[in-house]
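*Asks:* Hints are included, so try docking the two chains, each in its own frame, into the full complex.
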Amino acid sequence: MSRSIAYKQKARRLAAEGGRPGSAATLRKRIARDFKRHKFKYLIVLPVLIYFILFHYKPMYGIVIAFQRFRASVGIAGSPWVGFDNFARFLQDPYFWQLLRNTFTISLLTLVFSFPAPILLALLLNEIRVRWFKRTVQTISYMPHFIAMVVACAMIKAFCQTNGIFNDIIALFGGTRANLLSNTSLFYPIYILSGIWQGVGWNSIIYLAALSGIDQEQYEAARVDGAGRLRQMISITLPGLLPTISMLLILNLGSILNVGYEKILLLYQPLTYEVADVISTYVYRKGLLDADFSYSTAVGLFNSVVNLFFLLVANKISKKMGQSGLF
Amino acid sequence: MTRTKVRMRRRKRKNGKDLLFNVILYLLMIGLVLVTLYPMWYVIVLSFSNSTDIAKYTGLVLWPEQFTLGAYKMVFEHPLIVNSFKNSVLVLLGSLPLSLVMTVLCGYFMACTGMMFKKLVVALILFTMFFSGGLIPGLLNVKDLGLYDTLLALIIPGCLSVYNAIICKTAMEAIPDSLKESAYIDGANDFQVLFKIVLPLVKPTLAVLALYYGVARWNDWFTASVYITESDLLPIQNIIRAVLLVNDVSLSSAGFDNFDQYSEGLKYAAIVVSTVPVLCIYPFLQKYFTKGVMIGAVKG
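Top to bottom, those sequences are chains A and B.
Read left to right, the first sequence gives residues 504 to 830 (the working numbering).
Read left to right, the second sequence gives residues 11 to 310 (the working numbering).
Hints should not be assumed to be uniformly reliable.
Stated by the list, open to error - A short, non-exhaustive set of chain B residues, derived as facing chain A with CB atoms under 7 Å:
(1) Gly69
(2) Leu115
(3) Met126
(4) Ile250
It should be emphasised that the hints constitute simulated quantities derived from the structure, not laboratory data.
Predicted model, so just to flag it, every value in this text is computed and none were measured.
Built from N, CA and C at the ideal position, the CB exists for glycine as well.
The following block holds chain B by itself, in its conformation from the complex (with noise of 0.2 Å):
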């Protein structure tokens, strides 16, 4: 046998080889896709069913028995979900302008060089990354401060992340100095650097972390059921979390003459309603989080 055969064959058992390996690897990732995608789907289709054909669906269920809309129309007239929605929708626009304001003002503080102090200052902020007064003392000066049980309690007490400043300080980091130098040399003082200069330049992380601090947000739940109260107050999560996990609140019927058709759907177009605002924006904004993560992890 020549030499050039025993390499032909061992070339092609290793190609079945690859071959074999592709097979799996695809049918691995089909897998993967199915069961992260099928959950999300059910909770889809149960938004569109009514209450009787919920109670008898059994295995895999792919189509709703009767297409409804129903449950969409009441999660839309439902005074406790809309409220809630309303309220979640405040906290949003109030944190998010106030955390990327904070988050800049550290992040340009951090990134700068030079001050007698920046060591002390820096040393303070990222002890409290890895140390908190816990949550009771924590509730006890919200209490103080006069922020228990009103909004602004879920707005102010969380608007910095130290992690997402550390971002932020990477970002101004990679601006080259000559450009700040520059602009000192022109007269520019630190507010102008930084308006001018420094946040033109890091608007697409300025994105990233408008993002991760809206979603943050949006799906906090935990925060609400420290701090608030009453249920008219209280943020979307928080009554799905209600309604579908602790069952200690059934939504009222409100006058709807139809609502025990529904009442179960309901409670499934809720979480969709609430939850699709968020997946329709990431897939757009992937390559930036992915920026975004790589930062934070690999410098942090």
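Chain A extracted, bound-state conformation (with noise of 0.2 Å):
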């Protein structure tokens, strides 16, 4: 039974490779037998296909407006070529260099103060005996990642206000009340607390997952010879922790300049766009309000191509270290 099973297995496999090996099947015959054999796979997968031409790789071929002076009345075919005007503009732009710095910094703030926030609170969360406080505390910090980012930013705007909560405290301490969404130097403290708030708690489950995958008796082992908790937290979790966080820190890394653009489109102002301006944001600024659309166009193509430039780059290295790496 289980080997006329095999048998079917292997003649199918044999079928789906293109004939016995020896067969001297062309490849027009090929290609004719693979779409007879799975014509259902490729008729499911169609519909799909056509969203993504439809959807992504129509609007690639858009990019091309990057390269253009783009004028809507006449279209693609009809606006005139500009070669690489629209990206010398950009590199020679005042505000060039201040985008850089403010994308680069809030991605390695982020990287430094929100990456680390959820293995730690995984780490605590690991140590709690009692079962229903650690799942309520989970349950609890999950929510705010529920919460839209709208509401989320509304939230921060209130308690930011002169009346708002912080200033409260402020006052309590003697200081003088003020907005402090438009303080250009509280703008990053305020996106990267905010965003541990947001995150920390979803963010930490797949690192609670990978807890549950280390071996119990090195905890025995430990206890036997008398370390602490936090010793055992130390020298035992932490290390067991440490694949998935290489494996997190190089997909972070590959998308540094990705910084989370909705939040600061939702929480800059005019004061603050001198440390709060990432390139994401100038490109819906200039493209969306200001209608400039080639040389909005050309910016995002400049991001896109140096985020894919990292992203290969981290990827080379997580192949070099002996992780598995995305592709």
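*Replies:* Pasting the structure below:
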């Protein structure tokens, strides 16, 4: 019985590979046979392919307007070509260095502060022995992830207003009330801390999952040797998380220019552009508010290409380090 | 001093250390819970307050000065808010089935083996995760297809997430091959295998994906800010943004004679009403969520 299935599977596999090895099937015949054998599978993926072509690959063709002086009235076909003018304009833009600096600053701050926070939370949650308490903390800490960005930013704004709670605290210690969101030196702390509030619980899930894979006998051995809880956490739990940490770190490095522009768009204001404006928000302003389509697309393309470069480098590093890499 | 005594003393010291550790641990966690919950509680309190009280609140606000449902009454009658709710619900109802169907089709193809062009097709799909046309080419494309300023622009363009498709694919791959094999031997085609064998087995994953898509859609404001200009087509998040964050639209009094009394609370009541559905659903599906995240992150 099982042998007959095995034979059938083998026959199917051989057929899929285009007949027996040695049978001189031409490429066209093999393709025809492949389509015939898997016609339903190709039929199933057809709507998906149409979707990707229409909504992902067609816009990619639209990138050519970065090399034009695009006018909507005449379309891509009628607009004049200008070569790399738009890119040159961006490199000479007085904003260029500021945008680059802000983008990298926000990315690095996120990496240094927001990235380790869920690791710490997972380590602490792992130490809680009272099950119901652990579950409750987890459930509550996931909550902010489900709150819409708009709502979260509205809360941030309410708390930072002159009569908000942070100003009440400042006033209590004798400070003067001011709108904290228009203060350039406070933008990063507000952005990072609220980001931790939003994501720390949800992002700890993956580390908690990795924790369940750690060999419990190690703890037993450590206890016999007289190691305390803190010592066990540092010497057993943390090393157990390292593979997950390094994988996520590499993923994060690969998207270093992908800062949370949605949140910045909601929180920044002309007073804080100096520190908060990043490449993506500049693309949004130039493109949608100033309707400078070609220039905005050029800046966006610059961003995508640099991003892709970082991703490939990060992937290479991860492969060098013996990790599986993304592709 | 005998050996046992030394050991006992050591254990005592360790217990003291562990106790301190526990105290700090539990205090930290309670702190985290309070910091997480307070902002939400603050919004809820404000939504039950009237404008004069809201202007007076300072410091930790724990309870509304005078409890009132006025703001909520107004939320459910204010034409702009009610209309944006309707838009959000319409978008959700339209996009959820579409997203799920596309995800299942995409996931099934990626989970199948043996096709000559599988690698090529999968590469085409995965490439879109790392590179895209960008904001303006996307906008021109939507205009080109005649979707600009319609609710369809919020439904179709982002209906398939590759990340979610990978989660779906991983779940489908976990189904033993022998199940599908035996169906093929009985003469079933891929549609029958997909609908009769694969889909019933990945139902839990589909529930998670439906929630991922639903929450993302419901909370999305960015897409509408790019593709929609007509104010009566905007979803709820964009109204909240316009009223609370940008201040470029103040809610019109819309004929309410007691409007000023609740105009502040109205903003917060709108937030609560828009957030409560999401927060109510998720505790029940928490364990599935965890599973979905794991699959996507570990094996993706």
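*Asks:* Give a verdict on every hint.
*Replies:* Hint by hint, here is what the structure shows:
no., hint, in the structure
1, Gly69, "holds (5 Å)"
2, Leu115, "holds (5 Å)"
3, Met126, "holds (4 Å)"
4, Ile250, "holds (5 Å)"
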